[in-house]
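S.K.: Sequence:
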Amino acid sequence: MSKDLDVTFKTLLSKAEYTRLAKQFLDAPSNLQTNYYFDTPRFTLKASEIVLRVRRRENNRLELTLKRKKGYNKQEITENITEEQFDEMINNKTIPSQAILTEIADVIKGQEIVNFMSLSTFRIFFPYAKGKVALDRCEYLGEVDYELEYEASTYELGKREFIELVKEFNIVYKKSEAKIKRAYNALKRQL
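Offset between the sequence shown (1-based) and the numbering used here: plus 56.
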């Protein structure tokens, strides 16, 4: 199990900006991952600004992650899980991690969890300054969008480097909500 603080800056990209940058970094490593999002039927976790997901990586490795906002940062708890544990989550609506269950027990108060959506991301990633850039093409609920994320070790340094990156890559900054928030908005539009 790992517990980390995540300092990330992001901007939405137009399709043209994404295409230009994807061509520029054609030789950079890339991967495809699918996130399966869980919540109670009444979206209790969402109301508490908590995200619970299972990420399937290209090698079919599964990671269960809980993200919780802590000031400017996000606390993350991540554990590897098996295919059988993932099936249990889907079919029996249970959480296979005691650490994650303990973290959210007071929020969900015994409610079951359900998988309500998936989101696939094709990610191109590479180092920049003292951090990492992720260039993402996201698909969820029949929609596609594009995003650039910059992960840094500290807020102050990351903010400066992100501003430099946006200028250097000739990107028009567009406020970007978290992928899950964009997907929730798409879900609302479909209901």
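Note that these hints are calculated values from the structure, not bench results.
Here the structure is a predicted model, which means the values were calculated and not measured.
All residues carry an ideal CB built from backbone N, CA and C; glycine is no exception.
A hint or two may mislead.
No farther apart than 25 Å at their CA atoms in a straight line, the calculated lysine to any residue pairs in the SDA-like style are these [unchecked claim]:
1. 79 - 241
2. 230 - 165
3. 188 - 176
4. 149 - 237
5. 71 - 241
6. 188 - 155
7. 79 - 149
8. 125 - 79
9. 223 - 241
10. 149 - 135
11. 230 - 163
12. 230 - 68
13. 231 - 174
Between beta-carbon pairs, the in silico distance windows are [unchecked claim]:
14. 219 - 70: 17 to 23 Å
15. 212 - 243: 47 to 53 Å
16. 244 - 114: 47 to 53 Å
17. 83 - 62: 25 to 31 Å
18. 75 - 136: 30 to 36 Å
19. 82 - 243: 32 to 38 Å
20. 186 - 143: 36 to 42 Å
21. 242 - 186: 30 to 36 Å
22. 127 - 228: 27 to 33 Å
S.K.: So if I understand the rule, the pair passes when the alpha-carbon distance is 25 Å or less; does residue 149 with residue 135 pass?
M.R.: 17 Å, holds
S.K.: Given the hinted pair residue 71 and residue 241, is their Cα-Cα distance within 25 Å?
M.R.: 20 Å, holds
S.K.: For residue 82 and residue 243, compare the CB-CB distance with the range 32 to 38 Å and indicate the outcome.
M.R.: 33 Å, holds
S.K.: Between the alpha carbons of residue 149 and residue 237, is the straight-line distance 25 Å or under?
M.R.: 22 Å, holds
S.K.: May I ask you to test the hint 25 to 31 Å on the CB atoms belonging to residue 83 and residue 62?
M.R.: Between residue 83 and residue 62, where Cβ atoms are some 27 Å apart, the hint holds.
S.K.: Hint check: residue 231 vs residue 174, CA-CA at most 25 Å. Holds or violated?
M.R.: 23 Å, holds
S.K.: Are the Cα atoms of residue 188 and residue 176 separated by 25 Å or less?
M.R.: Measuring from Cα to Cα gives roughly 20 Å; hence the hint holds.
S.K.: For the pair supplied as a hint, residue 230 and residue 163, is the alpha-carbon distance within the 25 Å limit?
M.R.: 33 Å, violated
S.K.: May I ask you to test the hint 30 to 36 Å on the CB atoms belonging to residue 75 and residue 136?
M.R.: With Cβ atoms ~34 Å apart, the hint holds.
S.K.: Measure nothing beyond the straight line between the CA atoms of residue 230 and residue 68; if it is 25 Å or shorter, mark the hint as holding.
M.R.: 5 Å, holds
S.K.: Verify the CB-CB distance for residue 186 and residue 143 against the hinted window 36 to 42 Å.
M.R.: 40 Å, holds
S.K.: Run the distance test for residue 223 versus residue 241: straight-line Cα separation, threshold 25 Å.
M.R.: 29 Å, violated
Checked against the numbered hints given earlier, this structure breaks hints 1, 2, 6, 7, 8, 9, 11, 15, 16; the rest are met.
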